[in-house]
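Chemist: This is what each chain is made of:
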Amino acid sequence: MPEAIPSTEAYLMLSGTLFAVGLIGVIIRRNMITVLMAIELMMNAVNINLVAFSHRFASLEGQVFTIFVITVAAGEAAVGLAIIIQLYRLKSSINVDEASELNG
Amino acid sequence: MNAAFLVFFVVGTIAVASSILVVAMRNPVHSALFLLLTFLCVAILFVVKDAEFVAAVQVLVYAGGIMVLFLFVVMLINVRHLPDDRTLSRFWKGGVGVGLAIFLLLATVVRTGTYHDQNPNKKLLRSTASHRVRKVTNPDGSVTRKRVVRHRTVGNSEAVGMALYQDYLVPFEVASLFLLVAMIGAIVIGKRELSAPEEETSPDFILKRMETEKDVKEAMSA
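From first to last, the protein sequence lines stand for chains A and B.
Residues in the first sequence are numbered consecutively from 850, following our numbering.
Residues in the second sequence are numbered consecutively from 3, following our numbering.
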């Protein structure tokens with residue numbers, strides 16, 4: 850009987866739930882700030898996976914990669930929010946549907 | 003049912019509920035605050051899995067830095083003046099369907115896997131390996147060099163730090179370069195255009211202004 854309750858499986862299920870919720874948020878929301886928040890949610894779900902497997906295999910690689918993912922999330926948030934501000938200046942709206950000039 | 007499982011159950015439930023509220027809330031400020039709650043719950047889950055340093059980074063960077071950035075932008079863009087006739091995209095049914103399909107896919111993959119959960123050797127999560135070359139004198143008098151690996155039990159932060167600066171030094175430097183590029187990109191994208199209107203930079207306009215200035219100076223000196 851494994852003593853390591855909560856199990857890796859439970860962590861993976863939680864991470865999958867958070868990832869699915871984030872994906873739904875990315876697709877259905879029209880407010881661009883909320884879309885960016887949902888992307889952060891998805892990255893966090895991936896971090897849970899990495900930490901759970903790092904614990905399972907007793908290896909530090911998962912935690913190191915989690916730190917890299919957090920770095921990428923920080924950079925992505927900065928650039929994404931700059932884009933949102935510029936879009937708001939251009940269109941007075943942060944609606945995702947308004948930004949469709951690159952539509953082919 | 004032990005304490006760790008209880009913590010996982012309670013905190014995991016709060017995390018999932020608040021993540022659903024992030025997506026469901028109409029006001030972005032409320033979304034941001036529920037996102038903060040989700041991040042803190044995930045940090046607690048990291049502590050349960052013996053990743054204290056990552057939990058601290060999660061609180062500092064996510065809950066401290068990124069959330070403040072989000073709240074700044076939410077308050078910079080006055081949300082009350084935005085027309086919020088519809089919050090959801092027009093294909094929201096399809097979006098929910100895709101999300102549920104992905105969840106079912108992930109759940110199927112997770113449920114069918116075997117994990118062989120055992121008590122992991124937690125010491126490996128908090129130990130650093132230091133390599134050292136030791137000179138060994140053989141019985142016949144010759145000296146050979148021997149590489150010795152010593153495992154030292156330290157805290158989780160020191161272990162992660164040693165892994166980061168020894169085994170993952172190049173990715174670490176690449177990450178710092180990435181942050182520099184992201185910073186420059188954010189400044190270039192976000193800066194307001196300070197240049198003058200186009201007519202004021204045209205040569206005719208400048209010449210005319212110089213002549214008027216000359217006229218004014220002559221009138222003053224006269």
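Read the hints as simulated data drawn from the structure, not as lab findings.
Worth double-checking, as some hints may not be accurate.
[Said to hold, decoys possible] The list that follows gives simulated cross-link-like pairs (lysine to any residue, SDA-like), each with its CA atoms no further than 20 Å apart: (1) B/193 with A/888; (2) A/940 with B/80; (3) B/95 with A/944.
Just so we're clear, the structure is a prediction, and the values are computed from it rather than from any experiment.
Chemist: Next, verify each hint and record whether it holds.
Modeler: Comparing the hints with the structure gives:
For the hint linking residue 193 of chain B to residue 888 of chain A, the alpha-carbon distance of about 24 Å lies beyond 20 Å, and the restraint is violated. For the proposed pair residue 940 of chain A and residue 80 of chain B, the alpha carbon gap of about 14 Å is at most 20 Å, so the pair holds. With a C-alpha separation of about 19 Å, the suggested pair residue 95 of chain B and residue 944 of chain A falls inside the 20 Å cut-off, and the hint holds.
This entry does not satisfy hint 1, going by the numbered hints stated previously; all others are met.
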